[in-house]
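K.L.:
The lines below spell out each chain.
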Amino acid sequence: MQDLSSYPLELTGPDVPMVRFMNVRKTYGDFVVLDDLNLDVAAGEMVTVIGPSGSGKTTVLRMLMTLETINGGVIYVDGKPLTHMPKNGVLVPADAKYLRKARSSIGMCFQHFNLFPHMTALENCMEGPVQVLGLSKKEARERAEELLSMVGMIEKKDQHPARLSGGQQQRVAIARALAMRPKVMLFDEVTSALDPEVIGEVTNVIKDLVTKHNLTMLMVTHQMGFARDISDRICFFFGGKIEEQNTPEELFTNPQKERTQQFLSAVKAAD
Amino acid sequence: MQWDWQFTVEILPRMLWATVNTLMAAGIGYAIAAVLGLIFAMAQRTRFRSLTVTVREVVEFLRSTPLVLQIFFVYYVGPEYGVSLSPWVAGMIAIGLHYAAYLSEVYRGGIESVSKGQWEACTAINLSPAQAYRRIILPQALPPSVAGMGNYLISIFKDTPMLSVIGVAELMQAANAIGGQNYRYLEPYTIVGLVFLIISLFSAALIRSFENWIRRKLGMY
Ligand SMILES: Nc1ncnc2c1ncn2[C@@H]1O[C@H](COP(=O)(O)OP(=O)(O)OP(=O)(O)O)[C@@H](O)[C@H]1O
Ligand SMILES: [Mg+2]
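Chains as they are written, first to last, in our numbering: chain A, -5 to 265; chain B, 8 to 228.
Just to be clear, a hint being listed does not mean it is correct.
[What the hints assert, rightly or not] Dumping the calculated BS3-like pairs for lysine-lysine here, alpha-carbon to alpha-carbon at most 30 Å:
| # | chain 1 | residue 1 | chain 2 | residue 2 |
| --- | --- | --- | --- | --- |
| 1 | A | LYS235 | A | LYS262 |
| 2 | A | LYS151 | B | LYS123 |
| 3 | B | LYS224 | A | LYS132 |
| 4 | A | LYS150 | B | LYS123 |
Hints are computed from structural coordinates only; laboratory data are not their basis.
Chain A extracted, bound-state conformation (with noise of 0.2 Å):
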């Protein structure tokens, strides 16, 4: 067992983050994903977090979900931790009640949309505010209306997933996170499992989410043009390290680190 002494029971001060990993730690076995990961995500903050494939970008927004445990280190979401609670003092690892409640600031969406395929568009959005919010039948339709209009997909509103492009379902999948009402969104390369041609409707929703939400995001993408559109900063992760960041002028223009620039390069040849 870790000493979870010196950890905070809870972050005080002017600027708390919204989001903080301290000194966390992931592994799989003997691999070992992420070693000593530090970041604060501000309230609002835009972060988007780009590196090779493998470098555990995926790992730290599942962690952030709390789909995967942390085997070092405590996460905080809002000051408070996440990945473990106050018992006589210390912190010792969460219980299943604790994550729940803990994870409710929290909504996701993933590559491959994971909607309810038995569900309408409109029941997907209705269901986590009905059984979970306990909002009524009839404010859980109107919260879902409008976040469907919102994503441009209230036309589609009563089609079951199986009847919509990807495109369509990511939108649905935005809709269905956005109606938990958290304060951070993680989106995990949303438009990576994507025709070319639909992708913009899909940015289109984010970058609307960015400039007309205060919400706090997290964002992996491999997408450099739209990371650069709309992140307030870019994270770049080597190796289960964050390699470099910065805004992403700077980041993007002008890399510090030679593997950042070498990454850079390679993206832009590929394009």
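Assemble the complex: chain A is given as a structure, and chain B with the ligands must be docked to it using the hints.
P.N.:
Quick look at chain B with the ligands alone, frame taken from chain A:
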């Protein structure tokens, strides 16, 4: 020996009554198996390793020993331990347990066919595990399970004659009794065969259309 129509008509009411009993035995047995099978399947998916292993062993045991032995066991060995059951109750327990083992495997296959991404989406919208099962996973596990569930419905129906060994008044038992009393077996056994054939074919067709219906209903094409 010639087919005797008058005898046929005479025994028809008794055979009909036995058919009702057969259908009831199959129905009750299947209902027990369907519920217990789900419990067996879910028990193998919990975090508790010893529970998983125990249930696995029980399922394996039930599947690897003959149904007729299990029927005898419940009916004749039970009383030696002070558990005396009527033929009906003993028969339903035995057949329900036996088919629960098979159905649990069908359910397990269905549940495992639901992608990991569905579970992750459930976590992402913060459904509880029970809600995830009830609302998301089991409905999707149903369509791929229907064919297997239907096969076992027909199997259980065809296995009900085994209940005659402990004296449950189903079709086989009635046919044997009628045959023994009248020294005529052709008509009663032929009727048994026809009843089984007709009901099996009818059920198979019904199951197929149910499978299509459920897929359409759940929007999975
Ligand atoms: N369940 C697992 N078991 C073992 N190793 C895993 C598991 N999940 C991920 N890994 C490993 O962890 C490393 C980081 O994986 P991750 O999915 O975070 O990479 P990524 O940066 O998202 O890559 P990509 O760009 O290909 O999506 C990889 O080397 C991967 O093989
Ligand atoms: Mg990835």
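K.L.:
Tell me the hint numbers this structure goes against, listed in increasing order.
P.N.:
none
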